[in-house]
Amino acid sequence: MSVQIPPTERLRTDTIQINMGPHHPSTHGVFRMVLTLDGETVVDLEPRFGYLHRGIEKTAEERTYVQNVPFTDRLDYICGITNNWAYALALEKLAGIEVPERAEYIRVILGELTRVMNHMLAIGFLWNDLGATTFTPVVYAFRERERILDLIEMAAGSRMMPSYIRAGGVVADLPEEFMPRLQKLVPHLKRFIDEMDTMLTKNEIFRARAVGVGVLKAKDAINAGISGPVLRASGVPYDIRKVDSYSIYDRFDFEVPVHTAGDVYARYLQRLAEARQSLRIIEQAMRDIPEGPVTSLPYKQLSRLKPPKGEAYGRIESPKGELGFYLVSDGSNKPYRFRIRSTSLLNLTLLREMCIGHKVADVVTILGSIDITLGDVDR
Amino acid sequence: MLTHEEILSRLRERFPEAVLDVPEGMIDFTIVIAPQAWHDVALFLRDELGYDFLTNVTAVDWPDRFEVVYHLYGVQAGHPLLTIKLPVTDKENPVVPSVVDVWRSADFQEREEYDLMGIRFEGHPNLKRIMMWEGYEGHPLRKDFQNRTYSYAELEPTRKATPDW
Amino acid sequence: MPAMNDEEIPRNILLTTVDAVYNWGRRGSTWPVMFGLACCAIEMIAAACARYDIARFGMELFRPSPRQADLLIVNGTITQKMAPQVLRIYNQMAEPKYVIAMGSCAISGGMFTSYAVLQGIDEIIPVDVYIPGCPPRPEALVYGFMKLHEKIMKQSIKTVPWFAKEPAVRPAPQPQPASE
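Residue numbers (this note's numbering), protein chains in the order written: chain A, 1 to 379; chain B, 380 to 544; chain C, 545 to 724.
One or more of the hints may lead you astray.
Okay, the calculated beta carbon distance ranges per label pair [as the list claims (entries may be wrong)]:
#1 C:Thr560 to A:Glu176: 51 to 57 Å
#2 C:Arg611 to A:Thr13: 26 to 32 Å
#3 A:Ile248 to B:Thr528: 23 to 29 Å
#4 A:Gly131 to B:Val467: 45 to 51 Å
Derived DSS-like pairs (lysine-lysine); straight-line CA-CA distance at most 30 Å [to be verified]:
#5 A:Lys190 to A:Lys202
#6 A:Lys58 to B:Lys464
#7 A:Lys334 to A:Lys309
#8 A:Lys309 to B:Lys464
#9 A:Lys334 to A:Lys359
#10 A:Lys300 to B:Lys464
#11 B:Lys507 to A:Lys219
#12 A:Lys217 to A:Lys184
#13 B:Lys522 to A:Lys309
#14 C:Lys709 to C:Lys691
#15 A:Lys219 to A:Lys359
#16 A:Lys242 to A:Lys217
#17 A:Lys242 to A:Lys219
#18 B:Lys464 to A:Lys219
#19 A:Lys334 to B:Lys464
#20 B:Lys507 to A:Lys359
#21 B:Lys507 to A:Lys217
#22 B:Lys470 to B:Lys522
#23 B:Lys470 to A:Lys334
#24 B:Lys470 to A:Lys309
#25 A:Lys202 to A:Lys359
#26 B:Lys464 to B:Lys522
#27 B:Lys522 to B:Lys507
#28 A:Lys202 to A:Lys184
#29 B:Lys507 to B:Lys470
#30 B:Lys522 to A:Lys306
#31 A:Lys300 to A:Lys58
#32 B:Lys470 to A:Lys306
#33 A:Lys306 to A:Lys58
#34 C:Lys691 to C:Lys702
#35 A:Lys306 to B:Lys464
#36 B:Lys464 to A:Lys242
#37 A:Lys58 to B:Lys470
#38 A:Lys184 to A:Lys242
#39 A:Lys58 to A:Lys334
#40 A:Lys219 to A:Lys184
These are computed hints drawn from the structure, not numbers from a lab. For each residue, glycine too, the CB sits at the ideal point set by N, CA and C.
Chain A with its partners taken away, still in its complex shape (with noise of 0.2 Å):
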C-alpha cells in the first residue's frame, strides 16, 4: 500500500550550514567553505581562506631581491620553475636586464615540462576527488612526476624547490646526461598522456559527473578575472605566451586550445591538449638550443642589485593562470613592495556561482577543477 502525499501539503524543510575544511581529504590543502544546503543541494557557499597566510609580503620587504627567491619557490609549490620565472621577468623589466640566449632556451624547457607536472597532477587530483581515492590516479600522475623531478634535481639541484630562474638567467648550466635524458623522456611522456586519455575520457561515470558541472561562461570568467586553462575551456583564446609573447615565445610553434563548453569535462580536456602542446615546445626548443652563456648577472652582482626608482608589472603564463609580480623599487636594495598577482585566488572568484545548485560531491569536483594551491592563494 502506497501513501500518496497530496501536493498541497508539502513538508517544511529548512537548510542546514556545514563547515567543510580547513581539514579535509581532498587535498588542495587548507581551505575552508561554510555550506548552505537544503538537502543535499548547495543553496549558497562562502570560501574562507587564510589559513595558510604566511606574510610573505610583509618578510619580503626585509630582504634583497636575491634573498627572495626562494619565497616564490614556496607560493605555487607544486611548479616552482614557474614561479620563479615570473619574479625573475618583473626584476627584469624593472632594472632593465638582458638575458642570455641559453638562458631562455633552458627557461622555456624546465618552464614547459614543470607545465606538464602540474597538468598531470591537477588531472591525478581530480580524479581523487572524484572518488577514485587510494590513490590510484594520483600514483600514475606522481610516478610521471618523479621522472621530470630526476631531471629539475639534476639542472637545479632540488627537487621541489629550485631557486634556479634569477634575473639575468639561470644559476647554473644544464649538465652533460640532461639533453640525452630529455630526449628519451618526451616521447615517454607522450605515450603517457595518450595512455590517460584512453584510460580516462571516455569513463561513462566520469561523463556523468562533469558534463554539465560547474558551468563557468566566457564573460563571467574574464569579468572576474580567471586565468590559465579554466578561461581557455570557457572560451576565450587568452594566452599570455601568445599575447604578451615573453621571453622566447614567439620562435616556437604551437597551438593554443580553446574549449567552449566551460563545465569540469572542458576544463580537463583542456589540460591533457595544454600538456601535448608543451611536448611540442619542448622538442623544438631541444633541436634549436644554441651554446653560451647562462646568465648576465653573476652572483656577486645580483645580490647588490639596486634597481632605479620605480615600479614595474611583470606576467608569466604559469600552469594554473597569470602569474605576476608587482615590484616597486626605492633606489634601494630591498623592494619597497612586494606584491604578487595571486593565480588561484583569482580563480577562485565565481566559486560559489559555479557551484549553487549542485550537490555537495560536485562542490569537490569543481574545486578539483579549478586547481587551486594554497600557497599561492594564502600567500
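Please arrange chains B and C on chain A, whose structure you already have, making use of the hints.
Same frame as chain A, but now just chains B and C:
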C-alpha cells in the same frame, strides 16, 4: 588597440577633473585618477574603451599617502597593460570607492587590501578580513607595523574575541 | 595425541615479553592522519606513491578521521590562524598517538619569520621526531619513520604516557571555547 594619447584624450574629454597626472618615465603607462571619480571612470574604461580584465588591485604605503594601484588589460580587444593609481592622502581614514560591481575580480583583492593595509572600500558587499581572523588587531602591511614573530599565547586574546573563525 | 618432538618446539612456540609484542603491534602499522598543510605535504604524498613506497611500513593508509589514526605528521607552515585547528586534531586523536614535525616550518617556523607564522609546532603539541629539510626528501621522511619505529620499540608499558597515573609530559594546552 588604443594608443596612450587616445586613451588620455578620451578620458580627459569625458572626465575633465578626474585625470590628475600622467607621470613621466614610468616603465608601464600610468594614469593617476582622483578617488572620487574612480567608479565612473571604471565604468567608462570597461564599457567604452574595452578594458574588461582587471588583473591586480594593490596598495602601496608611502610616507605621505596611500596609493591604490589597479592593473587593467583588454582581453577581447587585445589592449596592453594600463595602470591606474588613486592617491589617498588621508592616512587616518583611507576610503576609496569599490569597483566590485564593475569587475568581479576586485572582490577578494579589495578585502585583502582592507585586511592588510586598512583601506576601506565603499560599496563592497562583504568587507571583512580575509587573511587574518576577525578579531585580529592591526594592519600588517603598513610600514609602521613592526614585523616580528608572535607566540601562540600572545595572540590568544584576539582569538577569543571572534565568534566563528 | 601425538607427542611433540624436541625439534618442533622451537618452531612452533615463541617466548617473548609483553613489551615486545605490544610495541611490535603498534609500530607495524602506524596510520597517519590525512593532514597536509603546505609544500611538505606533496613530498609526503610522493613518499606514499610508487617510488618511495611507505606501504612497506604499513603506513600507506591515510585516515581522514583523526579518531582512527595513530600518527600526526605536521607538514607545512603552521600559521597563527591554523594553529588552533592543528591542536583540535591532535586532541581528537585517540591514544597511543605520535607526532612527527616534518620540514623546517613545522620545527621552527622555517624561513617565514613573520607576524602570521607560529614558530614551530612544539609550542603547542609534544613532538616525537623532527625531520629537517625544506622540503625533506621522501627518503628523509622514510628515515624519520624508521627513527619513530625505533622509538616505539624502546617504549615500555610501564612508562608510556597514556597508561601513567600522572601525565609524564606536559599536557597540550586546550583551546579556549569560542564565546558565542
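Checklist entry - Are Ile248 of chain A and Thr528 of chain B spaced within 23 to 29 Å by their CB atoms? => result For Thr528 of chain B against Ile248 of chain A, whose Cβ atoms are near 43 Å apart, the range 23 to 29 Å is violated.
Item to check | 30 Å Cα cutoff - pair Lys309 of chain A, Lys464 of chain B | outcome: Roughly 17 Å separates the two Cα atoms, so the pair holds.
Checklist entry - Given the proposed pairing of Lys522 of chain B with Lys309 of chain A, does the C-alpha separation stay at or below 30 Å? => result holds (18 Å)
Checklist entry - Lys522 of chain B and Lys507 of chain B: Cα distance at most 30 Å? => result holds (21 Å)
Next on the checklist: Checking one constraint from the list: CA of Lys184 of chain A to CA of Lys242 of chain A, max 30 Å. Satisfied?
Outcome noted: holds (28 Å)
Item to check | Hint consistency between Lys334 of chain A and Lys309 of chain A [alpha-carbon to alpha-carbon, up to 30 Å] | outcome: Distance of about 11 Å is within 30 Å: holds.
Checklist entry - When you check the alpha-carbon spacing of Lys470 of chain B and Lys334 of chain A, does it fall within 30 Å? => result holds (24 Å)
Checklist entry - Has the hinted range 51 to 57 Å been met by the Cβ atoms of Thr560 of chain C and Glu176 of chain A? => result holds (55 Å)
Checklist entry - Does the Cβ distance between Arg611 of chain C and Thr13 of chain A fall inside 26 to 32 Å? => result This hint holds: roughly 31 Å between Cβ atoms.
Checklist entry - Does the structure keep Lys334 of chain A and Lys359 of chain A at a Cα separation of 30 Å or less? => result violated (49 Å)
Next on the checklist: Next pair to validate is Lys58 of chain A with Lys470 of chain B; report whether the Cα-Cα distance is within 30 Å.
Outcome noted: Since the Cα atoms of Lys58 of chain A and Lys470 of chain B sit roughly 19 Å apart, the hinted pair holds (cutoff 30 Å).
Next on the checklist: Lys300 of chain A and Lys58 of chain A were given as a pair; does the straight-line alpha-carbon distance stay at or below 30 Å?
Outcome noted: holds (25 Å)
When the structure is compared with the earlier hints, violations turn up for hints 3, 9, 10, 12, 40 and for no others.
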